[in-house]
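Work the whole structure out from these sequences, hints included.
2 protein chains.
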Amino acid sequence: MQKKSSVTYFRIILLGSGNVATQLGLALRQNGLHIAQVYSPHSKNAKALASQLKARPVSAINKIEKNADLYIIAVKDDAIAMLASKLKLKDRLVVHTSGSVGIDALKPASENIGVLWPLQTLSVKRPITWRKTPLCLEANTKAGKSLLEKIARKVSNEVVWINTEERRLLHLAAVFASNFSNQMYVIAEKLLKKKKIPFTLLHPLILETALKSLDIGPVAAQTGPASRKDTKTLKKHLKMLSDDKNFRQLYLSISKSIREK
Amino acid sequence: MQKKSSVTYFRIILLGSGNVATQLGLALRQNGLHIAQVYSPHSKNAKALASQLKARPVSAINKIEKNADLYIIAVKDDAIAMLASKLKLKDRLVVHTSGSVGIDALKPASENIGVLWPLQTLSVKRPITWRKTPLCLEANTKAGKSLLEKIARKVSNEVVWINTEERRLLHLAAVFASNFSNQMYVIAEKLLKKKKIPFTLLHPLILETALKSLDIGPVAAQTGPASRKDTKTLKKHLKMLSDDKNFRQLYLSISKSIREK
Chain A
1 MQKKSSVTYF
11 RIILLGSGNV
21 ATQLGLALRQ
31 NGLHIAQVYS
41 PHSKNAKALA
51 SQLKARPVSA
61 INKIEKNADL
71 YIIAVKDDAI
81 AMLASKLKLK
91 DRLVVHTSGS
101 VGIDALKPAS
111 ENIGVLWPLQ
121 TLSVKRPITW
131 RKTPLCLEAN
141 TKAGKSLLEK
151 IARKVSNEVV
161 WINTEERRLL
171 HLAAVFASNF
181 SNQMYVIAEK
191 LLKKKKIPFT
201 LLHPLILETA
211 LKSLDIGPVA
221 AQTGPASRKD
231 TKTLKKHLKM
241 LSDDKNFRQL
251 YLSISKSIRE
261 K
Chain B
1 MQKKSSVTYF
11 RIILLGSGNV
21 ATQLGLALRQ
31 NGLHIAQVYS
41 PHSKNAKALA
51 SQLKARPVSA
61 INKIEKNADL
71 YIIAVKDDAI
81 AMLASKLKLK
91 DRLVVHTSGS
101 VGIDALKPAS
111 ENIGVLWPLQ
121 TLSVKRPITW
131 RKTPLCLEAN
141 TKAGKSLLEK
151 IARKVSNEVV
161 WINTEERRLL
171 HLAAVFASNF
181 SNQMYVIAEK
191 LLKKKKIPFT
201 LLHPLILETA
211 LKSLDIGPVA
221 AQTGPASRKD
231 TKTLKKHLKM
241 LSDDKNFRQL
251 YLSISKSIRE
261 K
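As you go down the protein sequences, you meet chains A and B in turn.
According to my numbering, the first sequence is numbered sequentially starting from 1.
According to my numbering, the second sequence is numbered sequentially starting from 1.
Keep in mind the hints are simulated off the structure, nothing from the lab.
Heads up, a few of these hints could be off.
To be verified - Quick list of the computed label-pair ranges, beta carbon to beta carbon: (1) B:K132 x A:Q249: 26 to 36 Å; (2) A:V124 x B:E260: 16 to 26 Å; (3) B:T200 x A:D69: 25 to 35 Å; (4) B:V124 x A:T231: 17 to 27 Å; (5) A:K44 x B:V124: 51 to 61 Å.
As the list claims (entries may be wrong) - Result set (BS3-like, lysine-lysine): computed pairs, CA atoms no more than 27 Å apart in a straight line: (6) B:K229 x A:K245; (7) A:K190 x B:K47; (8) A:K195 x B:K132.
Computed from a prediction, not measured in an experiment: that's the story for all the values here.
Where a beta carbon is used, it is the ideal one built from N, C-alpha and C, also for glycine.
So this is what it looks like as C-alpha cells:
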C-alpha cells in the first residue's frame, strides 16, 4: 500500500480537454492519481473536464503551476509544438500523448521530456478498458523514465518502451487497423441503406472477423471472393457499385491487395 | 420436447465439404438434426466430413438419396449451378448457402428451391456462435419456406427472409465489413514486421474498434488523422509508405473516403 500512496501524491497537470485528455484524465483519477489542474484555452472546456476530475480549471497559460511532477499535453498533434513553446518548466517532466509527433517537439518546454501514447481509439463519451490498453512510452532522461513508468503502470498492465520512429510506424499501422477498418464498416452501412437493410445484421460478422484475426492472425483468417479468386462474384460486385465511383475504386484496390497475398 | 424430436427426423443431405459445409453440418448435428449423407466428388473429403457428422459419405452423384427432405448445396459459388443441373429431385427442397448466387441457379434441380445463407465468416477449423448468426433465407414455395424456417430456427435465433437482390447487396456490404476490414489488419501486420513490432500490440485497438462501431455506429465511432483533417500527419504517413505503392494508394483513397463524410 505504501507504493500506491507514494504515487498518489504526484501533482499532475493535464493540458487539453478532448478525447484523449478526458479518457486519460478519468483513468488516472480512477487509479488514485490526482490531477491538480486542467488547462484549456477555452475556459468552458477547462471547467467541464476539471469538474469531472475534481481539478482546478485554467485557461491562461501563466496560471499553470510551475512545480508539478508531470505535465501531460493531450491536444491535437499540430498544436503540441506551439503549446510546448509557451511552457517554461525547466526540469519538470513534460509528455505528450501523440502517436505521430516526435519527442523533440517538447524540447522548448523542459529538459525532461517524454511521450505517453495510449494505443487505443478514444472518444469523450466512451470509457475503455485501460488495464489492457498498451501505453507506449518514451523519455529522454533516467528520472523521466522512472516517473513515467510508475504512473503508466497505475493505469495499465501493458507498458511498452518504444522510440519515436517505432511509435510512428505503430501509429501508421493503427490507422489501417482501426480508422480504415472502421471506414469499411461505414461503407457497408451506407450500402445497406440503399435497400433499408439494418446494419445490425452485420454485427455478428464484424465482431467475429475481429476476434478471428486476433485468434489465428489476419492472413489465416481471410475469407471471401477475392481470397478465393472468385472473379465471377468480383465482377458482379463491381457492377453493383457502378453508380459509386469511389466505392468501386476501393473495392478494386482492396481486392487486389487481398489477392496479392 | 415433442417439437424438437419432430424436427430431428428430417433427412438432410449435405453437398460440399469446405468451410460452410463443415461448420453448418456441425451446427445442424449439434442441434439435433441428422445429416444422412455428405457428398463430395473427392471421396477423401466426403469421408472426412461424413465421419465428423456420423453421416454416410458419397462421391458419385447417382448414389445421392432421392427422397430426403432437404438438400443443402454448400460448394463454391461457381460450382452451384453445375451441381444443381446434375440433380433430379422433382419436388424435394434444394437450397444453396451462397450470398451472391441467385435462387434460380437451383431451378434445374427441383421445383422446390431456396437459400440458407449464414451471414458469417466461416473457416473449417473455427467454430462460431451459430445461435446469434443471421441466417438469410429465401424459398420459392410455401412448403419450402415452412420447412426451411423450422430447420434454420433449430440453429439460430436470427432468421431473416430476404430476396436474392437484397441478399446480394448484403453480401457486398459483408465483403467490406469483413474481408476488407480484415485486409486492413493484414496490412497493419505487414507494416509492423518491418521493425519487428508484435501485431499483438494492436489487439486491444482492433477489438475496441469493432465493439465501438457496434455500440455507437461506425460514423460516430471514427477517429484518427483523416477524420480530424490532420493533413500534416497524413503527409508524414504517405512519406512513410513511399516504398510501397499499393499501400500508399490505399492510404490515400481510404483517407479520402473518410474525409468525405
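Evaluation of the provided hints:
1. B:K132 x A:Q249: 26 to 36 Å: Because 34 Å falls inside the window, the suggested range holds.
2. A:V124 x B:E260: 16 to 26 Å: 24 Å, holds
3. B:T200 x A:D69: 25 to 35 Å: 32 Å, holds
4. B:V124 x A:T231: 17 to 27 Å: For B:V124 and A:T231 the Cβ distance comes to about 23 Å; the hint holds.
5. A:K44 x B:V124: 51 to 61 Å: For A:K44 and B:V124 the Cβ distance comes to about 57 Å; the hint holds.
6. B:K229 x A:K245: 22 Å, holds
7. A:K190 x B:K47: Violated, because 43 Å separates the two Cα atoms, which is more than 27 Å.
8. A:K195 x B:K132: Holds, at roughly 23 Å.
The structure shown violates just one earlier hint, number 7.
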